[in-house]
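Trainee: Now for the letters of each chain:
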Amino acid sequence: MSITILNFLIGLGIAFFGFVLQTSIAGLNRKIVGRLQKRVGPRWYQEFLDIFKLLSKRATSHGWIFDFGVIMALGGIIATAMFMPLTSTFNAFGTYDNFFIFVYLLAVGMLGMAMSASGSGNPWASIGVMRALTTMLAYEVPFMIIILTIIKIAGSSLTGIQLYQQAAGNNWFLIALPLGGIVGFISLMGMLGKKPFETYIAPAEIASGPMVEYGGKQLGMLFIMHEITVFIEVSLFVHLFLGGATNIFIFILKYFLVYTLANLISNVNGRFKIDQVVTFFYKWPLILAIVQAFIAIYLGWVI
Amino acid sequence: MKSTKFTPERNISKAETDRKWWEIGDFFRRNSLWLLMYCTGCCAIELPPAMTSAYDMERLGMGPMATPRQADILLVSGYLSLKTLRRLIYTYEQMSEPRYVVALGSCPINGGIYHDSHAVINQLDQYVPVDVYVAGCMPNTEAVMNGFVDLMEQIKNKSANGWKKYHDNYEWYRQNQIQSLGEVDVHDEFHD
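Protein sequences, first through last, are from chains D and S.
Taking the numbering used here, the leading residue of the first sequence gets 1290, the next gets one more, and so forth.
Taking the numbering used here, the leading residue of the second sequence gets 7, the next gets one more, and so forth.
With the rest of the complex left out, here is chain D:
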């Protein structure tokens, strides 16, 4: 197929949709957590107010790498979100929805943020970046084993994976590969930086890690980037394990349930130390992932 300007516009629309969706759902989740703690909680659009307030403030710069890294992070993440299929029939670039596109493009945004944070020169930021990369190294290994199992079964196109799960006689991979579903969800918690694996943010310990020197406009852009990153990661989980979606409402429902569950688990947990994060991921999720891969590939028991 030929790529026209329309494809790019649809892609940008998807990125914008992801931002609005995730920001609203994050606000709703703050309300839900408030109720969990017997509070009233903020308004559901509080996250929008926070982001626009940050964009309205004045900001200091710490040199051009600091500024450029923020733009690179935001641009890289928007570029990644453009490829995300929303349902099994709707995406921006047709057949270009391979899983590995997300793996590669997501790294651009992450590295932009790491570069920018290190460019601020603050030691807390360096520690935060180091912890973020260590956490990434920890959850990627079990997650990739499960993903490669899925790719062995259903191919690597996200639309293909969704259609495989929706076909008659097949099940969602959460049910077909139950151990893999558990590993995928734990890895998702690590990706989102939710509580047991929140080590690289840790506001009380390393003063919010990579974000320590950001204020005003740069922090606002990083918030937008963070919302779109969460959109990409949760959507990946929905498409890979929950059978994707046949229409946009089912997608929003599944998205909301997955994100809320992760958030609820996050709010009743403490925080791991960084060595505990690595030991944890290399122990149980890795064992479960290898067992699941063995069962699915060599024994062929895909329920």
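Among the clues, some could well be false.
Stretch by stretch, here's where chain S covers chain D in the computed footprint (C-beta under 8 Å, at least three residues) [what the hints assert, rightly or not]:
#1 1326-1334
#2 1338-1346
#3 1492-1498
Under the rule of at most 30 Å between Cα atoms (straight-line distance), these lysine-lysine pairs were calculated in the DSS-like manner [stated by the list, open to error]:
#4 D:1320 - D:1506
#5 S:20 - D:1506
#6 D:1327 - D:1543
#7 S:20 - D:1320
#8 D:1506 - S:26
#9 D:1562 - D:1484
#10 D:1483 - D:1506
#11 D:1562 - D:1572
#12 S:170 - D:1506
#13 D:1483 - D:1572
#14 S:26 - S:162
#15 S:164 - D:1506
#16 S:89 - D:1320
#17 D:1327 - D:1484
#18 D:1327 - D:1562
#19 D:1543 - D:1441
#20 D:1506 - D:1327
#21 D:1543 - D:1572
#22 S:170 - S:89
#23 D:1483 - D:1320
#24 S:162 - D:1506
These are calculated hints, taken from the structure and not from any lab test.
All C-beta atoms, glycine included, are put in the ideal place defined by N, C-alpha and C.
Since the structure of chain D is provided, determine the placement of chain S on it from the hints.
Mentor: Chain S in isolation, oriented as in the chain D frame:
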């Protein structure tokens, strides 16, 4: 009937446009105030009920933040010794504008029970501009929340101008700081 096609364009001056944008910004700023807590004294004990389920500061869009760069309000509670005053001034200088200062308790107003100590300054207002005082030793949690609502009202009325006052009277503040501390060296310690 006047044709809309040839209605002359209404010229809005730059000052008028700036004012409108600033009002829109003020709406966001007063609904999302992030605190940096500088708690040296006993008044800090009034903050946990303000944050948790008793008074729930988050319903007003407020919340604690980790670093001065991210924060909007510098919340000073309790007495300020000369050593902590120096850190407070560094912190205030690092915050991104517009920034507001809320002083909690009687210690930043007149020294409180430490008014005759050689190591404690009596009036915070001499060193950094204060937007809202919450008086009392120590103030109730209701009073603390009321102080925050007052600050929101001030932002709405455009009277929370402490940070502008700091720009305009910088020499005077600087002189007071140097007089008390001897030396105030505000610099970017990571790039020198």
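Trainee: Please go over all the hints and tell whether each is borne out by the structure.
Mentor: Consistency of the hints with the structure:
1. Counting residues of the region 1326-1334 of chain D whose CB falls under 8 Å from any CB of chain S gives 7; the rule of at least 3 is met.
2. For the region 1338-1346 of chain D, the stated coverage by chain S holds: 6 residues have a C-beta nearer than 8 Å to a C-beta of that chain, and at least 3 were required.
3. Evaluation of the coverage hint for the region 1492-1498 of chain D: fulfilled, as 4 residues show C-beta separations to chain S shorter than 8 Å, against a requirement of three.
4. Taking the CA atoms of residue 1320 of chain D and residue 1506 of chain D, the gap is about 25 Å. The hint holds against a cut of 30 Å.
5. Only pairs whose Cα atoms come within 30 Å are accepted, and residue 20 of chain S paired with residue 1506 of chain D is accepted, the gap being roughly 22 Å.
6. Of the pairs offered as hints, the one joining residue 1327 of chain D and residue 1543 of chain D holds, with about 26 Å between alpha carbons and a cut-off of 30 Å not exceeded.
7. Restraint check: the Cα-Cα separation between residue 20 of chain S and residue 1320 of chain D comes to about 40 Å, which exceeds 30 Å; the hinted pair is violated.
8. With a CA separation close to 19 Å, the supplied pair residue 1506 of chain D and residue 26 of chain S stays within the 30 Å bound.
9. Taking the CA atoms of residue 1562 of chain D and residue 1484 of chain D, the gap is near 11 Å; set against the 30 Å cutoff, the hint holds.
10. In summary, the hint linking residue 1483 of chain D to residue 1506 of chain D is supported, as the alpha carbons are separated by about 25 Å, within the 30 Å threshold.
11. Restraint check: the Cα-Cα separation between residue 1562 of chain D and residue 1572 of chain D comes to about 15 Å, which is no more than 30 Å; the hinted pair holds.
12. Distance hint between residue 170 of chain S and residue 1506 of chain D is fulfilled; the C-alpha atoms sit about 20 Å from each other, no more than 30 Å.
13. Taking the CA atoms of residue 1483 of chain D and residue 1572 of chain D, the gap is about 19 Å. The hint holds against a cut of 30 Å.
14. Taking the CA atoms of residue 26 of chain S and residue 162 of chain S, the gap is near 13 Å; set against the 30 Å cutoff, the hint holds.
15. Pair hint residue 164 of chain S plus residue 1506 of chain D holds up; C-alpha atoms about 22 Å apart against a cutoff of 30 Å.
16. Among the hinted pairs, residue 89 of chain S with residue 1320 of chain D is inconsistent with the structure: their alpha-carbon atoms are about 40 Å apart, more than 30 Å.
17. For the hint pairing residue 1327 of chain D with residue 1484 of chain D, the CA-to-CA distance comes to about 19 Å; that is within 30 Å, so the pair holds.
18. A hinted pair counts as satisfied when its Cα atoms are at most 30 Å apart, and residue 1327 of chain D with residue 1562 of chain D qualifies at roughly 28 Å.
19. Restraint check: the Cα-Cα separation between residue 1543 of chain D and residue 1441 of chain D comes to about 25 Å, which is no more than 30 Å; the hinted pair holds.
20. Under the criterion of a C-alpha separation no larger than 30 Å, the hint pairing residue 1506 of chain D with residue 1327 of chain D is inconsistent with the structure, at around 33 Å.
21. Between residue 1543 of chain D and residue 1572 of chain D the CA atoms are separated by roughly 29 Å; this keeps the pair inside 30 Å, and the hint holds.
22. In summary, the hint linking residue 170 of chain S to residue 89 of chain S is supported, as the alpha carbons are separated by about 26 Å, within the 30 Å threshold.
23. For the hint pairing residue 1483 of chain D with residue 1320 of chain D, the CA-to-CA distance comes to about 17 Å; that is within 30 Å, so the pair holds.
24. Restraint check: the Cα-Cα separation between residue 162 of chain S and residue 1506 of chain D comes to about 22 Å, which is no more than 30 Å; the hinted pair holds.
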